[in-house]
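Quick mapping for you: the protein sequence lines, in order, are chains L and S. In the numbering used here, each residue's number is its place in the first sequence (first place is 1) plus 10. In the numbering used here, each residue's number is its place in the second sequence (first place is 1) plus 10.
Accuracy of the hints is not assured; some may be wrong.
[As the list claims (entries may be wrong)] Computed far set for chain S versus chain L, every beta-carbon distance over 10 Å:
1. R30
2. A44
3. E47
4. H70
5. C95
6. T105
7. A106
8. S108
9. P208
10. L211
[Unchecked claim] Below, a sample of chain S positions facing chain L; criterion: calculated Cβ distance under 7 Å:
11. M142
12. A170
13. L172
14. N174
[To be verified] Which chain L residues stay away from chain S? Per the calculated CB distances, all over 12 Å, these:
15. A36
16. R98
17. G115
18. A121
19. E144
20. E213
21. T220
If you're looking for bench data, these hints aren't it; they were derived computationally from the structure. By construction, the Cβ of each residue, glycine as well, lies at the ideal position given by its N, Cα and C atoms.
There are 2 protein chains.
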Amino acid sequence: MARQSTGAAQRVAVATEALRDEKFNARRVELAEAALETLGELGFARTSLREIAQNSAFTHGVFHYYFSDKLDLICCCVRHYKAKCVTRYDEVVTTARSRDELTEGFLAKLAATLENEARMHRLWYDLRSQAMFEPAFRKDVLEIDKSLEAMIWRIATRYAELGNKQPASSPAALYALFDGLFQSALLRHLANDEKAVPDLLDEVRRLLPTIC
Amino acid sequence: MARQSTGAAQRVAVATEALRDEKFNARRVELAEAALETLGELGFARTSLREIAQNSAFTHGVFHYYFSDKLDLICCCVRHYKAKCVTRYDEVVTTARSRDELTEGFLAKLAATLENEARMHRLWYDLRSQAMFEPAFRKDVLEIDKSLEAMIWRIATRYAELGNKQPASSPAALYALFDGLFQSALLRHLANDEKAVPDLLDEVRRLLPTIC
DNA sequence: AAATAATTTGGACAACCGTCAAGACGGCTG
DNA sequence: CAGCCGTCTTGACGGTTGTCCAAATTATTT
Numbered sequence: 011m012a013r014q015s016t017g018a019a020q021r022v023a024v025a026t027e028a029l030r031d032e033k034f035n036a037r038r039v040e041l042a043e044a045a046l047e048t049l050g051e052l053g054f055a056r057t058s059l060r061e062i063a064q065n066s067a068f069t070h071g072v073f074h075y076y077f078s079d080k081l082d083l084i085c086c087c088v089r090h091y092k093a094k095c096v097t098r099y100d101e102v103v104t105t106a107r108s109r110d111e112l113t114e115g116f117l118a119k120l121a122a123t124l125e126n127e128a129r130m131h132r133l134w135y136d137l138r139s140q141a142m143f144e145p146a147f148r149k150d151v152l153e154i155d156k157s158l159e160a161m162i163w164r165i166a167t168r169y170a171e172l173g174n175k176q177p178a179s180s181p182a183a184l185y186a187l188f189d190g191l192f193q194s195a196l197l198r199h200l201a202n203d204e205k206a207v208p209d210l211l212d213e214v215r216r217l218l219p220t221i222c
Numbered sequence: 011m012a013r014q015s016t017g018a019a020q021r022v023a024v025a026t027e028a029l030r031d032e033k034f035n036a037r038r039v040e041l042a043e044a045a046l047e048t049l050g051e052l053g054f055a056r057t058s059l060r061e062i063a064q065n066s067a068f069t070h071g072v073f074h075y076y077f078s079d080k081l082d083l084i085c086c087c088v089r090h091y092k093a094k095c096v097t098r099y100d101e102v103v104t105t106a107r108s109r110d111e112l113t114e115g116f117l118a119k120l121a122a123t124l125e126n127e128a129r130m131h132r133l134w135y136d137l138r139s140q141a142m143f144e145p146a147f148r149k150d151v152l153e154i155d156k157s158l159e160a161m162i163w164r165i166a167t168r169y170a171e172l173g174n175k176q177p178a179s180s181p182a183a184l185y186a187l188f189d190g191l192f193q194s195a196l197l198r199h200l201a202n203d204e205k206a207v208p209d210l211l212d213e214v215r216r217l218l219p220t221i222c
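Let's have the full structure, built from the sequences with the hints guiding it.
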């Protein structure tokens, strides 16, 4: 057999397939972003593929073409969103030159997140709760949780570093603390409790020096 | 008009109505307890009234007779369960005569809860997430959250007291920490991570002396 | 015992869901 | 240009849902 020609053909085939894949994936993300609007509004349980389609520029068939499943769609949505999420504080962490600078930068971003992206975050908490019932979600959720824990840890270690200290607790405990505080503040904020944001900021401001 | 006789009639009427209410409420609780089985298994979204009825000794019509709504039913369920929940550690708190005794008693209950009542607790987290979308849930959820915060605070203050100290953080932060840790451990436990429980216990054991 | 009220039953209803498939569209290749 | 292939639309299907209701049953009162 003509080894070379089949090799060349294969190379071309691989290249075009990769291109196709890339295009396919780009479309998936596009659809996922459109779906996030409705999902953030209604939550996982109340959102149907039809509703997602109606609130977007797509028809409901397209979603079935690009996603094997409703679960598949939601996973892709939250993965995509959280991938951006975990980098939110990175700039503050790398540029801050003092503890105060880091604290204020962190708190500002925290407040902005809570106020502007409440819907996306409640979707995340929704998905994480669903993962306790639906095994198909667990792998993704645990992975995202790990990356969020790492995000918090980067902030904490930098904060400690700026004070020539060491974080006083484990990454897991620190993440649990901030996650718990954020979750509680989010619920209060969504319930129109105007003190939710300032209370969270006060709490974090008080906490930071005691844990590092 | 005969003030006395109408007064007596009213008294009787009030008494019978109170009796009826009591009976009515007892039945509600009975139904709620039956519903908890299925709800804990499937979660809020996946559970239908019919499924609840089929897994119980009742017909689906009865549930509509005693509960105005599906939301009404779920609220009643979780309220009922959590009312028992918040007293779980009270005995340990009142009987413990030393820090070690309190620690070990607390950890034992904590581990038992995580292993034996995982399904009930994931339902609670499910409901709390849904409260971020469904306003009808918020009042109950915030109330339960407050009572859980108080529960944790009772443990912490007693622990501090046994060491002649004061808790080093606010009730809110302390609850956020434990809630976050428990939630994470619960998810891992449900995902068959055998280290979930021991890791939680280690973490709490390490944490307790540092926060009080 | 008769009558009235409360409770329970089980079926009917319309609405909605995820899924699927047959076909239409449009660009690319041969 | 013809044919193919990936993409997309549309409508239909079976099944499930919450809700409601009329009748049956049980409990309570008269």
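Each hint tested on the structure:
1. R30: holds (34 Å)
2. A44: holds (19 Å)
3. E47: holds (14 Å)
4. H70: H70/S is indeed farther than 10 Å from all Cβ atoms of chain L, at 20 Å.
5. C95: holds (17 Å)
6. T105: holds (28 Å)
7. A106: Given a closest Cβ separation of 23 Å, the condition holds.
8. S108: Consistent with the label, S108/S stays out of reach of chain L, its closest Cβ about 24 Å off (over 10 Å).
9. P208: With a cut-off of 10 Å, P208/S remains clear of chain L, as the shortest Cβ separation is near 13 Å.
10. L211: holds (13 Å)
11. M142: Hint on M142/S: holds, closest Cβ of chain L at ~4 Å, below 7 Å.
12. A170: This interface hint is violated because 15 Å lies over the 7 Å limit.
13. L172: With a minimum Cβ separation of about 21 Å from chain L (threshold 7 Å), the hint on L172/S is violated.
14. N174: violated (20 Å)
15. A36: holds (30 Å)
16. R98: Holds, since 19 Å exceeds 12 Å.
17. G115: Consistent with the label, G115/L stays out of reach of chain S, its closest Cβ about 21 Å off (over 12 Å).
18. A121: It holds; A121/L is separated from chain S by about 17 Å at its closest Cβ, greater than 12 Å.
19. E144: violated (8 Å)
20. E213: E213/L not clear of chain S: closest Cβ-Cβ about 6 Å, inside 12 Å.
21. T220: violated (7 Å)
Of the numbered hints listed earlier, those contradicted by the structure are 12, 13, 14, 19, 20, 21.
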